[in-house]
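Each protein sequence line maps, in turn, to chains C and D.
When we follow the working numbering, the leftmost residue of the first sequence carries the number 341, and every step to the right adds one.
When we follow the working numbering, the leftmost residue of the second sequence carries the number 670, and every step to the right adds one.
Simulated from the structure, these hints should not be mistaken for lab results.
Worth double-checking, as some hints may not be accurate.
To be verified - Away from chain D, derived, C-beta distances all over 10 Å, residues of chain C:
1. Asn784
2. Thr793
3. Gly820
4. Phe1098
Said to hold, decoys possible - Partial chain C-side listing against chain D, Cβ under 8 Å, derived:
5. Lys738
6. Val742
7. Thr746
8. Thr887
9. Pro943
10. Glu968
11. Gln970
12. Leu971
Quick caveat, the model's predicted, so the values are computed rather than measured.
Where is the CB? At the ideal position from N, CA and C, for every residue including glycine.
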Amino acid sequence: MNPADIPQPPGWGLLIGTLGQAFIWWALGMFVVSALLGLIGDKSPQAKRWIQPALWTGLGGIGAAFASLATLFLTNQFQYEYVWGHAKTDYEFVYKISGIWSGQEGSILLWTLMSALFCALMMRRTGGLLRWQGLVSGLLLAGMTAILAFESPFTLIEGGKTMMPFEGSGMSPVLLNYWMVIHPPVIFAAFGALTGLFAFAASGVLSQDLDGWIKAVRPWALLTVALLGIGLCMGGLWAYETLGWGGFWAWDPVENSSFVPWCLAVALVHGIFIQQAKRGWRVANVALAALPFLLFMYGTFMTRSGLLDDSSVHSFAQMDSTALKILQGMLGVTLLGTVVMIVRAWLVNRDGSKTDDTAGAWGRKAFYTAGVWLMVGLSFGAAFGMSVPLIQALSGEKPKAVVETTYNQNMFWLYIPIMLAMAIAPHLSWKKISLKEVWIRIANPLATAIFLTGCLLIWSKWGPGGLAADPEAKLTLMTGWVVNRAGWTVFVTSFALFALTSNLWKIVEMLPRSKRGIGGELAHIGLAFTMIGLICSRGLEQTVFTTASLAEPGTAFGYTMTYKGPTEDFAQRNNEVLIETTKRGKTDVITPGLYYIFRPDQPLQSIKWPGIRRGPLFDLYLATGEIEKQLYEEIRLPKDGVANNTDRGFSIRYIGYTMEGNMGSEGAKFIAEVELIRDGEEPETLFPAVAITDGRLIPEPVQIDENLELVMNKLSVDDGSAFFQFDAVHPFIPIQVFYKPLVWLVWLGIGIMTLGGFIASRFRRNPSASEAQDGA
Amino acid sequence: MKPGQIVLGITAVLGLGALAFSFLTNSSPYVSIAEAKAKTGARVHVVGVLVENSISHNVASQELLFELVDEAGDQVKVVYSGAKPNSMEESDKIVAIGMVQGEVFEAEDLIVKCPSKYESTYEDEQPAQ
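From just these sequences and the hints, can you work out the full model?
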């Protein structure tokens, strides 16, 4: 190409990138100023007054950097490495936006932006805590912005000042999904809130007022739980809708990096209730507010440093070495800070008031305490499981990884007591009550749960409206016991059903007194629904493999499945394949996605996503393969060799081959002589061939019956053996069909849990009104 | 400290210890293909690169078949019951989780590492001069 034909980058494009980088440095400066003002805040009231403006100005800088990057994406400024690597001219508007956070640099920018936003919001009206929040928030945000300064999205490609590529490389096709547009902003908002919680805990310790910060942090802790919950749910839904393995959750290190802070934030929320109602828990709550951020930093380090490269389906490039060192430094400082905070809080609290334990073992405090410890245990389990490869490597052993089954088996022991605590705690009081009174309060919901468990058992046995569970399916427990899968699934579900009915019962009791105080119980109901959906959709899941073509429909679970062709064509990014399903005369169409990316000199790349027909009782989930013709593995036959096809009841005998034309030259043709032998019939002679056309071996198959053909792929000239395979005459599509009961409860539960979280967050901003519930 | 709190504390520590022990003892090691072949029947993780043009299907047995080669150059045939994962042909590497049975590696799960192309630089993608 003539160098004169290469487009020049526009001057304004270069200016925006330069400004974007300048905004990052500006923000870094402002966050440092905020920290310094916080440090000297007690000596100068003037300094204290400027803490918030400094932090908000830093937030403005990060926001401006984000806006600059968005402008570069929307206007295809491919002279920037990051834009080139994550955008293309033909992307729809939403994918140009999602491209901003689809890579490492952009996601760090989004994390910093959200952290700054939440830190700034959490500093409003916090009185004496403000100074310390300014100090800690400023330091943390300065660290993040420093990473960004070295891991900058505004780096030009080589020669980028004078030339601009015509087209970008674009992001991974797998990321061209609407979940990529909405999931990262939500989960990063939650991660941002974790930064604010850490700063809150630090401000409580530094101000030596271990009760003052609790009241202020409460709505933010609830909001963080809700945001993390939605983010986790979106990630699960994304996996369910796109990955095709039929599940939502695989204990992947990246998932665990969000799950661990969620568990700890839930523990914090309950710890705050205990502190406010019964005093005590001052030191523990400092730890519970600091640990989510620390563990999130740890998870980020583990997943972004390449340490878990072989354990995760997610692919993150390794960070720039300077940025990684800053992240390591931040992790170290956060760890040290957390330890210092806990020790300092313990010293401050040594002479403080002791917790009130008069309610005893059947008091709400005891159950909240148990719940907090169980959530901490859950987070410990997930964090430890994720760390196993690192622990093994550090101890000089070969790295190991924990598989999904091991996580499920271990976490099960925490799930049961968590559900029981969730079921019983709402009916308890902060004051002492007798065991008999407890029993009276929970008897009705327990009886209802037992009834519902019976209904579920009957449904799993006979499956009205769905499918009966496979009575032969077994499950091996951690103890080595082999149990009936359906029966075990119903047993495990019964605990979540108890949590569900118990909290519903509580809401019915509370509504006449306090309509706004139902947030906590709603969140419990949501979690119970989610657990029921998760357990039943996996435990009662059934799967069948089939193939479907126009000529030969497949069958699964009583459905006839016919492949009807593509909706557009296989080169289009939105192409789907039409699978017509028929059962008892009712016809429906399910459309899994499939398209191919054609690139010169590279293998054809297929992108697939499952098709789902959602229903009130079950989802029919179709994970398809690619359009195929090959039905059986290739076989190599020597002369006089025989191959049996037991599926179709015939065999072939390869007799030998003849050649037309000159060996190795264009037009040469090798013709095999093959006997087709069917029981009770005269052998039939077939002549599959392979010819050299355009320098390549092109098979010329022969038809065996209306649906099957024999293909010779190649010959070995040395010994005369031939490579055969049986292909379908008509292209077919392999389909893994999943029957997944009660999936919708997962999504319903998350919705209810989030609603409950928001209600509780809003309601608990008004502590006086909350006493009605707390004192129940 | 009350006796009840001490008992609870010990229970918590023992519980967390048991959890950690279980994770460590039930985890699956990363091994080379040669080691996987020597540990027939043991669940392991094998990391390798897909051998070009080795993917085939056996619809009758509902299997995806392919060859994996590791850093030492050892090769194994992998059998996986399930649909072919996205981007398999151009993956950087594949982690197969399962065990060697006979001559083949029976994979329960596959982790396909996303292609490096999408994290490469503009310079990486330019043709060599």
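Here's how the hints hold up against the structure:
1. Asn784: holds, 30 Å
2. Thr793: Per Cβ check, C:Thr793 is outside 10 Å of chain D; nearest 27 Å; holds.
3. Gly820: Non-interface label stands for C:Gly820: nearest chain D Cβ at 12 Å, farther than 10 Å.
4. Phe1098: Correct as stated: the minimum Cβ-Cβ distance to chain D is 32 Å, above 10 Å.
5. Lys738: holds, 5 Å
6. Val742: holds, 5 Å
7. Thr746: OK, holds: C:Thr746 within 8 Å of chain D, min 4 Å.
8. Thr887: Given a least distance of 6 Å, the restraint on C:Thr887 holds.
9. Pro943: Status holds, d = 4 Å.
10. Glu968: Result: holds, 6 Å to nearest chain D Cβ.
11. Gln970: Check passed: Cβ of C:Gln970 comes within 5 Å of chain D, closer than 8 Å.
12. Leu971: holds, 5 Å
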